[in-house]
Structure formats: structure tokens, C-alpha cells
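Here the structure of chain X is known, so what remains is to put chain B in place on it, guided by the hints.
Chains as they are written, first to last, in the numbering used here: chain X, 1 to 428; chain B, 1 to 428.
Because the hints were derived from the structure by calculation, they are not lab data. These numbers were taken from a predicted model, which means no experiment stands behind them. Every residue gets a Cβ at the ideal spot worked out from N, C-alpha and C, and that includes glycine. Mixed in with the good hints, there may be bad ones.
Distance windows between CB atoms, simulated [said to hold, decoys possible]:
id, chain 1, residue 1, chain 2, residue 2, range
1, B, A249, X, T207, 51 to 61 Å
2, B, P145, X, V88, 40 to 50 Å
3, X, E289, B, E285, 22 to 32 Å
4, X, I38, B, R292, 37 to 47 Å
5, B, E289, X, P300, 35 to 45 Å
6, B, L89, X, E288, 25 to 35 Å
7, X, E289, B, E245, 49 to 59 Å
8, B, P300, X, P179, 26 to 36 Å
9, X, G227, B, L89, 31 to 41 Å
10, X, E289, B, S69, 30 to 40 Å
11, B, L85, X, R292, 34 to 44 Å
Residue strings, one per chain:
There are 2 protein chains.
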Amino acid sequence: MKRDDPPLAEAGAGAGGAEPAPGQVRPEQGTHPHRLSIEGRLLEGLLNSLGDPPIRFRLWNGETVYTGSGSPVATLGITNRATLLKLVLNPELNFGEGYSEGAIAIEGDLVGLLETIYRGLSRPTYTRGHRHLVKWLHQARPNTPSASRDNIHHHYDLGNAFYELWLDAQMLYTCAYFPTPGASLEDAQVAKMDHVARKLRLRADDTVVEAGCGWGALALHLATRYGVKVRAFNISREQISYARERARALGAADRVEFIEDDYRNISGRYDAFVSVGMLEHVGVEHYEELGRVIDRSLGPDGRGLIHSIGQNRSAKLNPWIEKRIFPGAYPPTLREMMTILEPAAFSVLDVENIRLHYALTLEHWLRRFETARDRVRDMYGDVFVRTWRLYLAGSLAAFNVGKLQLFQVLFARGETNEVPWTRVHLYG
Amino acid sequence: MKRDDPPLAEAGAGAGGAEPAPGQVRPEQGTHPHRLSIEGRLLEGLLNSLGDPPIRFRLWNGETVYTGSGSPVATLGITNRATLLKLVLNPELNFGEGYSEGAIAIEGDLVGLLETIYRGLSRPTYTRGHRHLVKWLHQARPNTPSASRDNIHHHYDLGNAFYELWLDAQMLYTCAYFPTPGASLEDAQVAKMDHVARKLRLRADDTVVEAGCGWGALALHLATRYGVKVRAFNISREQISYARERARALGAADRVEFIEDDYRNISGRYDAFVSVGMLEHVGVEHYEELGRVIDRSLGPDGRGLIHSIGQNRSAKLNPWIEKRIFPGAYPPTLREMMTILEPAAFSVLDVENIRLHYALTLEHWLRRFETARDRVRDMYGDVFVRTWRLYLAGSLAAFNVGKLQLFQVLFARGETNEVPWTRVHLYG
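Only chain X is shown next, with the shape it has when bound in the complex (with noise of 0.2 Å):
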């Protein structure tokens, strides 16, 4: 599917909301019905039921259609019949088919138009039309660990040499903890590390295991950093073995091993379990079974930390992240989530959200992805570089605007008074 881009596609995000140039479309202020034509009138209806955001419509026939008030954030071209048809039927879905295919091209702030989309999704007047439909049509992947390993390798294995070009240097990809809005990525994902060891209480010859380790950047941190010995799985064999070698670089081997294989075959008993940015990936259907890996893996005065993306109210992923991006993916509750420790009765002790320090994150590999989008063109072509530019910024503007949340969750066993007695010692 790869083609040229249409002349507005190229628009980087964050280009802020400027008006179209004159004569490529035309500035009305408010539409007409009688004079639209019928893809107009049904672009008109999804536009009112989404709060008529400000977001000028071309339509391949040079027609406008604008229903917002004030400036317009953005642009957005629809390149022929077919697409818009589809983007009335499944706006959340066919938004981002249409996008990477560019048979949709924006103009404009994307961020700002993808946080004015966010905002009209969430809308009484949008959900009651469609969510029956959208809920037929689409039927997330399941997480055996078959598919499992599908799902990951379909996302993570994509190459590592496609992530150096816009991670930090360690390759954390998960949401990082800035401790001023103005660090930088590289230190703000070191401080994140070290947040999550403090909350942790780690010691020297502490053991960790770690469910869900990337490319191995936390479980070495802690390993040289605090001294403890880490058994960290993870199902990419890519990230596997390029942890591997910056083990045997760091001099680390013997505290660190990395293991390929699902979280559920996780054995042996630890002082503390860590998972930073897999959960999204379990399904909450696994839940039950991942309280119980957790449970037969601590001792009785073991502590453990869940970091993942969450949501405000149970709903589904973005259709398009989970058919494009993320096969099988889910951001649950904190309702969800508990479901891991209740049964074990493990206690929670301290639930952090983060979600403005993930819009943050984003907001660095979104910048680093765009000063890398010629290289990522040469490897993987315009499609790939427009699914992933709507990815990072779809994401962004999802924690932006409160649509996802990230949660650190830290608990204890439910018997052991081996708690720190307030959290001053994570601000020393």
C-alpha cells in the first residue's frame, strides 16, 4: 500500500493551528444543508454528534464542510468517496486506516485535531450511536500465550534498530517520570527507574523478577545501580537478545538474567516482582492467573510495582491502536486491576498516576520520530512513517486529554508489617 503522499499529508504534528491558505479551501464559518451534498449531510450528522468540533472537512469535490465555532485546529482532506463513507461508519477505527493509507490528509496542529476527536468520542451524543456498532464490529485479539507471542512479536520485534532512532539511549519504552518538566527524556527515564526502586525499598542482594522487561534497560539499572539480582522475562526475542548483550557489556551477566518466555512460567520465589508497561498487553481475562504468578513468586515479606497504562472508565482500546499497533491490547481500571491483588489479598499501599509525565514522554519520541522520518521512510516506507506519527500522536493526545491514565501500583503482602511508614523516603 505504499504511495506517494497527497501535497497535505506531510503536515508534522504540533505545526500549530494555522489557517489553510486562501483558495485551497474555502474559510466558511458554519455550513449550509441544503446546499451539501449527501456525504456532506452525513459528515454533517457524525461532525453534530461529536460536539461539532472545529475541524474543517475537504471532501474530493472541493465541497467545505465546517459545523465548529472560531478558527479551525486543523484541516483534514478526504481524498474519495469510499473513505468518507467508511469514516462515518467507524470513525474510531477508519480515522487511522484512512490516515496511513493517505487517503486522509491533515493540515494543521494533528495533536490538537486528535484531542478534539478524543473529547468528541467520549460524548453522550457520539457513544450512544455508535457504541453497539463499534462493539459488533470489532472483537479484540485474545492473549493465550500463542498468541501472546504473535501479538508482542507484531509490535516489538519490529526491529531494534528502528526504536534507537527515537527512544532514549537506555530504549525505555514506557512512560518516564520527569521530575521538572523540563528534564530531559534520557534523565527523566533514569529518575523513573530510580522511583520505582525507592517505592520498591530495594537492597543489595535483594532478588527481583521482572514480567515484561523491553529491552532490558530496568532490570540492569537495578542491578548495578542497587545491587540486586534480577530474573527478567519477556517473549520479544529481539529485545531478549539485545538485553542479553548489554548484560555481558555491563559486566552484568551474573546479576542479571534475561529469560524468553511468558510471564506465566515464571518460577522461583523473589523479594520483589516488577512489571513496567506489560499489563496493557495481559487482558484482563488473564488477570486472575497473573495474581496468581505474583503470588506463588513472593515471600512473606515480598512488595511489588505494576506500571501500565489505565483508563478513567472500562472501554475499549482505539480500534486502529489495536488493529494496527497493538494486537490484544487493554488499559485497565483500577477497579481491573485489583483484580490481580484481591485475590491474594495482597494490600495496596500507594497508587500513582502519572498520565501528564506519559504525554510528556510522548511528546520527546514524537519530536525524535520526526527528525528520524526520512531514515524511518528509507526503512519501512510512507505508510509505516504515517501509522506511526498517528500512533505517537493519537497517544499523546489520549493522555492529554485524560482518555488514559498511568498507574504505578505498589503493594505488599497483606500480613507484613514491613511497610515504610510514609512516603518521605521517595522525596529525599
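Frame of chain X; chain B shown alone:
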């Protein structure tokens, strides 16, 4: 049911696990089933299911039963056959009943004994046998508005003079926050109010609504120290009248309005919602209703804090506490608390569990209560003294062994980005 204390009943909490004087009970380590009466064997069956706790029993006929190993924590004297049968049938209810009436006498460490019992009650060998029976015997009271009024009157309208004997100077009857374990109770209650105010980021002239305000200390502290305006609701007539008097004495009556009404009748819009120690009385079946009250009470940048006793796993409140102390009360799990916040998509920002602070708060209360014991006896009699001693000691034990938790849940509207960047400001 006023009667003289039996010889062993006056043993204070925390008196240590001293051996009983020789001759009072036979110092056997382990018993021999064939030598026990049928009552002794019944008791032994109960003790086995509780994991053979280190508690020695002395029956009315001089027989002793001890199935534990090592030194007993305490000796429990049972003065008649009916009390033993009731204890075996439903120990969670009838231990308290027997102790209050004086038919069960304790020699040794009351808190240690209760911790041992709570640990035993959570064992699978115990719960399998007794769960269904207890469920059938026990039905919690409802919390409709009129039932709530009765339930609250039962406890909080005992007379302010009674609570003044053992609470801190400002009459806070909720978990304190001890910056260090050595802080005084008065300082720790002030620190708790400041901790809550910082979490809510209160600024001068913010409007605050408080659901369940006790004797008014928090509302008055927030108004006088933080310059906010507070409307505080409570259905306990004695507490409201006390709170109004204090507002007048402090010259704060223009900034704090105390309203004798149910939380369901809260009206108006506020910058912050706060509720400290009320949720325990709301009942899970009313959580969604409470969520609607909070939703309609908060403006677009509104934030809220709920401070409540909780549990790691859903289980009924101890039936004796529910019957004699807190009719209609229930400590929720964090999962259950989320049913308040999820329907309106509130964003949980921070959960802190300060369980051990409640154990320490209760140590202070129990010590003060024992100091004031003779005055309490003059006011309400012996049964009351034993009832309240057991309630305070049992609560202390429950927090110490992790049967109860104390959650502070901070939340904000899902759409607002007016949330703190980190939690450093709490520890400045």
C-alpha cells in the same frame, strides 16, 4: 446486664503474655483428647481450625485446653457451658458478647490475643467451616436515610463528654497521620488535616463540601488555616451542635456552615469534596449514589479526597462490631471504592494506605481510655467499659495484622490537567 467483673476480667490491654499464677490453670503444653470433656473437645476442634493459636482456655469446671505451642499469649476463662457453646457456634460474634457480659475473662495481653484470633479467622481451615453459617446468622443493617440516622445516632450520640475523655483536644475520631511514630496524638491529628489539605491543594477562598464532619475539626482547620469556605454535613445531632459551638468560639461561623443533613442532600457546586471516615457508614449499595452526589457537587477543576477504612479482600465487618458498635458499617476494598468514582470517569490521582497509622492512633486511644476507665464506668457501667475496651483493642489488632487498611483516595475530574506534576509538594 451490669454485674461484677469476674476476677480475670480487669486485665488491661498490653499487659503482656505473663504466665498465670500456679494453681489457677494447669500449665499443660498440649492436651490429650481422651481426657477432655465433650465441651473441651468441641473447643479443641475450633482451635484446630484456627491454626492452634497460643491461647490457653480455662473452663468453668477447672479443665484447661491448650493446643498451641510455646508460651500462651493470654488465658481465656469461660465461666459457663452456654458461653462455650455460643463461642464454638459463632466465635466472631460471641467472643465479643461473652467478653462484654463478663462471661469470658482474659488474663494476659488482650491485643496480642485478638491479633492471634484475627490471624486464625483468616485461615482457610477456619473459613471453610464457618463462612456459610456466619453468613446465615448475620445480616448487616441497611443504610437508607432513616436507617443511617439510627445507625449514626447509636454510636456518635453517646455523649460528647464520653469522647472527650479519650480523643485528642480537637475531637478527631479518625486515623491520624504521624510524621514520625513518636509524634503526639494531638500533633498527628493536625498533621493528618494538613496532609489532606495539601493533597487537595486548597487555596484561599476555595469552596469545600465535607460529607460526614464529626465534631467539625477538619472543616474548622481548613477554614482557619487555609482560608477556604466549608459546608459540612453530618446527621449526628450532638456532633453538629458541638461543631457549631466551636465555630462560634473560633469566630469562624461566617466561613464554616455545619448542616445537620444526610450526604445525599448535599447541594451546590464546590472546588473540593472531602470525606474523612464517613464511607464506612455508607454501604456499598449506595456507592454509585455517593458518586452522583460528588459528580454534581464538583466544578470543572474540582478534586476530592475520600479517607476510609478498607480491606484487602471483600469480607463482612466483624459481626460483633457491626452489632454492638457500628450498625450498618462496612470497610470496602479499593476495588469497591472505585465504583464511586468510575461512573463519572473521575481520575484517581493518588491512593495512600496508612494502615499502621491507624494502629498507632488506636494505641493512643486505648491507653487514654484505660486511664479514664473509672470515669467511664461511673457514666455507663462495666459492660460498657468491657465493650469499648474490646472494640478499641480489636480494632488495633485488626490494623496491626492487616485485616483492616486505611485508604486515602485523591481524585480529580477526568478532563482537567490542573493536577500536580509530582507529589513533592506533600513533603516540602
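Going through the hints against the structure:
Look at B/A249 against X/T207: about 58 Å separates their beta carbons, and that is inside 51 to 61 Å. Against the hinted window of 40 to 50 Å, the Cβ-Cβ separation of B/P145 and X/V88 comes to about 48 Å, which satisfies the hint. For the pair X/E289 and B/E285, the beta carbons lie near 30 Å from each other, so the given range of 22 to 32 Å is met. Under the hint 37 to 47 Å, the C-beta atoms of X/I38 and B/R292, about 42 Å apart, fit the expected range.
At about 40 Å, the CB distance of B/E289 to X/P300 agrees with the hint of 35 to 45 Å. About 34 Å separates the C-beta atoms of B/L89 and X/E288, a value consistent with the hinted range of 25 to 35 Å. Checked against the hint of 49 to 59 Å, the pair X/E289 and B/E245 passes, with Cβ atoms roughly 57 Å apart. Judged by the Cβ atoms, the range 26 to 36 Å given for B/P300 and X/P179 holds: they are separated by roughly 28 Å.
The supplied range of 31 to 41 Å is broken by X/G227 and B/L89, whose beta-carbon atoms lie about 54 Å from each other. The supplied range of 30 to 40 Å is met by X/E289 and B/S69, whose beta-carbon atoms lie about 37 Å from each other. Take B/L85 and X/R292: their Cβ atoms lie about 39 Å apart, and the range 34 to 44 Å holds.
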